[in-house]
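**Q** Here is how the chains run, residue by residue.
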Amino acid sequence: MTTTLLNADKIRLDGRKLDELRPVKIDVGVIKNADGSALIEFGKNKIIAAVYGPKEVHPRHLTKPDRAIVKCRYHMTPFSTDTRKNPSFSRREIEISKVIRQALEPAIILEDYPRSSIEVYMEVLQSDGGSRCAALSAASVALADAGINMRDLVAGCAAGKIGGEIVLDIDDTEDKEGEADMPTAIMPSLGLVTLFQLDGKLSESEFQKTFEFAIKGCMKVYQIQREALMNKYFGQSEPMQESTE
Amino acid sequence: MTTTLLNADKIRLDGRKLDELRPVKIDVGVIKNADGSALIEFGKNKIIAAVYGPKEVHPRHLTKPDRAIVKCRYHMTPFSTDTRKNPSFSRREIEISKVIRQALEPAIILEDYPRSSIEVYMEVLQSDGGSRCAALSAASVALADAGINMRDLVAGCAAGKIGGEIVLDIDDTEDKEGEADMPTAIMPSLGLVTLFQLDGKLSESEFQKTFEFAIKGCMKVYQIQREALMNKYFGQSEPMQESTE
Amino acid sequence: MTTTLLNADKIRLDGRKLDELRPVKIDVGVIKNADGSALIEFGKNKIIAAVYGPKEVHPRHLTKPDRAIVKCRYHMTPFSTDTRKNPSFSRREIEISKVIRQALEPAIILEDYPRSSIEVYMEVLQSDGGSRCAALSAASVALADAGINMRDLVAGCAAGKIGGEIVLDIDDTEDKEGEADMPTAIMPSLGLVTLFQLDGKLSESEFQKTFEFAIKGCMKVYQIQREALMNKYFGQSEPMQESTE
Amino acid sequence: MSAVRKAVVVGTLRKSQMKEQLEKGKRLDGRDLLQQRKLSIETGVIEKASGSARVRLGDTEIVAGAKVEMGRPFPDTPDQGLLIVTAEVLPIASAYAEPGPPNEEAIELARVSDRGIRESEMLDFSKLVIKKGEHVYSVFVDVAVLNDDGGLFDAASYAIVSALSTAKRPNATLAEDGSLTVLDETSDLEVKTLPVATTFAKIDGKIVFDPNTEEQSMMDARLTLVTDSEGKFVAGQKGGSGVFTFEEIRELARTSAERGIEIRKAIRDTIENGSQKT
Amino acid sequence: MSAVRKAVVVGTLRKSQMKEQLEKGKRLDGRDLLQQRKLSIETGVIEKASGSARVRLGDTEIVAGAKVEMGRPFPDTPDQGLLIVTAEVLPIASAYAEPGPPNEEAIELARVSDRGIRESEMLDFSKLVIKKGEHVYSVFVDVAVLNDDGGLFDAASYAIVSALSTAKRPNATLAEDGSLTVLDETSDLEVKTLPVATTFAKIDGKIVFDPNTEEQSMMDARLTLVTDSEGKFVAGQKGGSGVFTFEEIRELARTSAERGIEIRKAIRDTIENGSQKT
Amino acid sequence: MSAVRKAVVVGTLRKSQMKEQLEKGKRLDGRDLLQQRKLSIETGVIEKASGSARVRLGDTEIVAGAKVEMGRPFPDTPDQGLLIVTAEVLPIASAYAEPGPPNEEAIELARVSDRGIRESEMLDFSKLVIKKGEHVYSVFVDVAVLNDDGGLFDAASYAIVSALSTAKRPNATLAEDGSLTVLDETSDLEVKTLPVATTFAKIDGKIVFDPNTEEQSMMDARLTLVTDSEGKFVAGQKGGSGVFTFEEIRELARTSAERGIEIRKAIRDTIENGSQKT
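Residue numbers (the working numbering), protein chains in the order written: chain A, 1 to 245; chain G, 1001 to 1245; chain F, 2001 to 2245; chain Z, 3001 to 3278; chain W, 4001 to 4278; chain L, 5001 to 5278.
A hint or two may mislead.
Cross-link-like lysine-lysine pairs, in silico, DSBU-like; alpha carbons within 35 Å at most [claimed, not checked]:
1) K220/A / K25/A
2) K3192/Z / K1176/G
3) K3132/Z / K4168/W
4) K2209/F / K5026/L
5) K209/A / K4265/W
6) K2085/F / K5132/L
These are computed hints drawn from the structure, not numbers from a lab.
Please put together the full structure from these sequences, using the hints given.
**A** This is how it looks when you write it as structure tokens:
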């Protein structure tokens, strides 16, 4: 509780500036059996997302005649946390699975897959702060890798408040000892918010500034997502034209 | 264990006489979304019963071609007891749900609703002794409120033995420290027993006297049930003629 | 840990020689409601196996168009162990149910019962070492008693290593304090292994010798199984000709 | 569903036969209305249990095993030993018994069995204390139904009473440093009364004692009453989706008390002799 | 499935009516876009709870009960009392509520409610310690939805805040031998701020406050924001499978803060007077 | 069901091709009968674990993570540390892996993995005691299957052995007042032998080593044997609904021992060098 999260120069414990992201790396197509997959390393987070589908719906009564249903599971392996996580599915995992599903659904063109199920599984091999945003960012890339028709990618990043300052991309220590965390996900090309959560304490002006930071973070993650997909499909970093943005 | 449940004048701890009921109040139609509902306050018991149905049966294989099935759940909220109740469904709740279902089924004209399900949910918001009898008495009113065809109302009341005396309507303290409890429910107009349980210790003559008390208690509850229904449907206390009894 | 499992004359704690089985007794047809059943007493093991089927498959989607499915459950009653067993189904019971199912399936002519389910339930009333082998030996007799078409009986027996010696048929104490246990089941007439497990520590030559012992044990159990079935169906111990062996 | 269909078949065929028999004061299996099936009891069937018994009541077969182990008291009863009763209708017991956690029927069986033991004050839980608030004896009573042909409440009560009456408990002593030592010799558990259940079914307006599965499938309602050695009523449970008249309840109390006397005699003989058939 | 079908019917009939109304700045139930339904709060409704309240928000009805009991701290927070929040949408609450363990919706309700209490620092958990590392007070907050007509996050927060504000806690003292004694008199639980939730729905591009069930079935997305007595934002949660623009989020923060002021006033009046209707 | 249908298609098409290949001493993927797929091992992949390793065996990919934490011993082994092994085939691993609690296959994988560690006496549990009867170290080994192309027993054993061999454990000391202090420096966990699993499948009367998923779908039966660094057999498990001849079992013991030597060499190289491919 008495850790100083910022030094006199407003540099964070891991050396980052206030608006600086942790190192992020995305590998596409890491799970051979899956229809699409991605591994994201986001700070110490290591998360694999894999997509199976479109496939038949089980149990059948969940079938929608005019569109696909999306199943989402955010799950942590027992070794992913500092203290071993109990293997049973927690209430936290249930809630996060739900908000991630509702963050991805707006981006998927569900009407293109009537009577189908699209299954998105996110496995946290190692967790750090911001795992839900990292997981959904990987899931969005995995959906693209699976060839699912999408309106846009979904890019997630949290902003928050630590040591009295608004910062981008809260890590584990900052999450535990900081003052606020605002996980956010957007469809970057469309400029729409698909996930928004907040816990902590923010005045209205801090709220507005934190939200602004979060959007900037999402845009940075989006850039990395696109590069990863370009890399996979064209064997190169994304080149020149950024005209779609 | 050393509490004196009766004083020298055979007056009980809460001031009641041996054959006196606690205050009972029934409100009909308290749950807007339900097809029928009732709130019973029976001593400190506060229990809401709500009925949904007749409706389609799920899962389908439970459908009976010639009559309705009845689903019953007696459930206690975590805050209903002196010490907080664990939210998971207990063996006690499973047993009580079963005996209440079997107490209500004889009164419902099941053959009038083939291939249907009638769902009866009882939620104990605050519990006191005799909650199963209070719950089923409320459920019976809720069934009537839902317009379900019935042969008779079902009225429940326990009698028991405390301090060596047979008494009507055991409350929480009397249940814990008394000698016997005999929860009973009847169809009052038809003079038939639909629920009967006993735990405690009674000689045969005590058994017979306790049973007699229990029936008297049920008749009193019946009167209150009828008044509550009259009140709801005719905006008045039940009037003159008692000819049906 | 310091118990001496063998005395100077290589006699075991319960007086058995190295290659000697505990007393084994099988009664056929002990469960009236079942289609076939057997009680095996194998040392202190008391295990009842009962077979229901061939019957319809539930849930239906498990149905195989060309053959029967086999359901197997090995289950211990809470009073069967030295310290009371928790009534919930354990991971050990799940694993043993699986290996027993896979030990019995090769013996059952599944193609004779398309679209059917054959259910095999083993209830351990009292457990001692070697309960899985005893259970499946009883199950095999119960299948025969149910008239299920079989290629052969399945006979099970463990061998192992205690006090540096290879021995037949490990009991509870020997299992806990011994060096290795090799539960084995065979189809004796066909000379084929249907169950094989090992835990402990054996050199390769010890492995080979233990396996040899286990097969011998299975053959002895087979003899007892046949006698039990003869006894039930012909009211006598199995007579003269042993030609099928 | 198969059970449902079977019941339908029974309804059209056997039920009319039953009705005919009942009018003559007889039942389909030849018994008189208030006649119990053949009862046999064997104790000490599970050596690893502290006490055990197998009961056969007609084709119904039940084993009850009691274990007495060290435990910790509940905070609100620091000076009382513990009683935990479970019941399972094993999947070997009938084509309609499913493997898995106890269903509604098995839970009811366990809870009614528990009430019989507890309310009769059969065991003196205040004597099952090693150190108040810290160490007590836990009595586990586990009922396993091996073959189900009805009458489970009754057969379970006979098995439990026989198991507990012949049970031994460990003797533990508390060292100065608070550690428990379990001694080699055991003591009798000491049973103070014998609560036995009697179950009656109402079929076509007639009351029969000790209904079997087929009779249960035909019955309107069921009443179980449990009496102790002094003939006192210690537990009761109505079952089934039918009704009883006031007078039927009154009359069944009288009949139950009578039947209890005979059954307790059979159990007492078993306990003394090791096994007993009637 | 019935829910699905209902939604379809709504879609073709009511939704076009709703659209029409929204263009006039009105809603199907006659409310203005940012108008809350009638709110009434009653405290002390469950005498056996340490604190309780019933909230009616339109046809939605919720009871929250708080219990303060003795507990043991988590190893990593030895000097903090405990908070456990659960929520159940009882099967009486609607035709679509199923009995059974809490589903995804109920878990989300409990977790967002938990965050409101925890992040606002409404309770000072460091004061809920009897002996560091050994004995603390556990605060259980259990939310029961009696009738569901939408707005559960909001109604639950009002019920929780009202229940905790009026709650008493036991007073326990530690004897020399380490045993706990619970004294007869109780203390106020002491609440430092009033976190209240405000939920907005986006329907056909318009933002409405306090959506009811019908409106929820039509909405694209939902945003809940929780503010404390100082107007600070302590929790937020987007729901639904739709989206918000950046500007909508910004604007909703402003609106939420304003609405919180009025609602907290109503709650404060209730706490002082025992019950309150707006 | 899809799995079933897939198996049927395989049965009529690929199985005859496989048969053809097997007669030539080859397999569908070009391997010799007793040839293992490409194996690569990387340790230290999960920094938050006490030890970890990722194994790729052909297209099968597994991560094992070990955590060493403070625990309490079982009452019957007060002077022994604890071992808890779990395994999950994650739903990302194949179209047939379902989310949810471990099924029969995953439980078998965990239990066979557990036996390999335990029976080989790889860890000296008597050294993992801080205070007899009170405080011991608990070793959690959690296996996560990321991609399933068969050979799970084998790949899991390589991952576990690599994770444990490179694992650190905390150092805790006991203060006079009985409280535990966890020191900053860690120690090696110390592994005494390397138990490795080898799995063989019988397809069409032929024995193949290291079957992949397609081969498993064609096989009659499977045999896994685990040997330690001295070449001793420490665990075995037959799987599948087929059979082995007596001679096949005998022969497989010989082959398994040989293969174990090579695999242990690869693992030892990895442990020393951090990662290794064969």
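**Q** Check the structure against each numbered hint from earlier and tell me which ones fail, lowest number first.
**A** As far as the earlier hints go, not one is violated by this structure.
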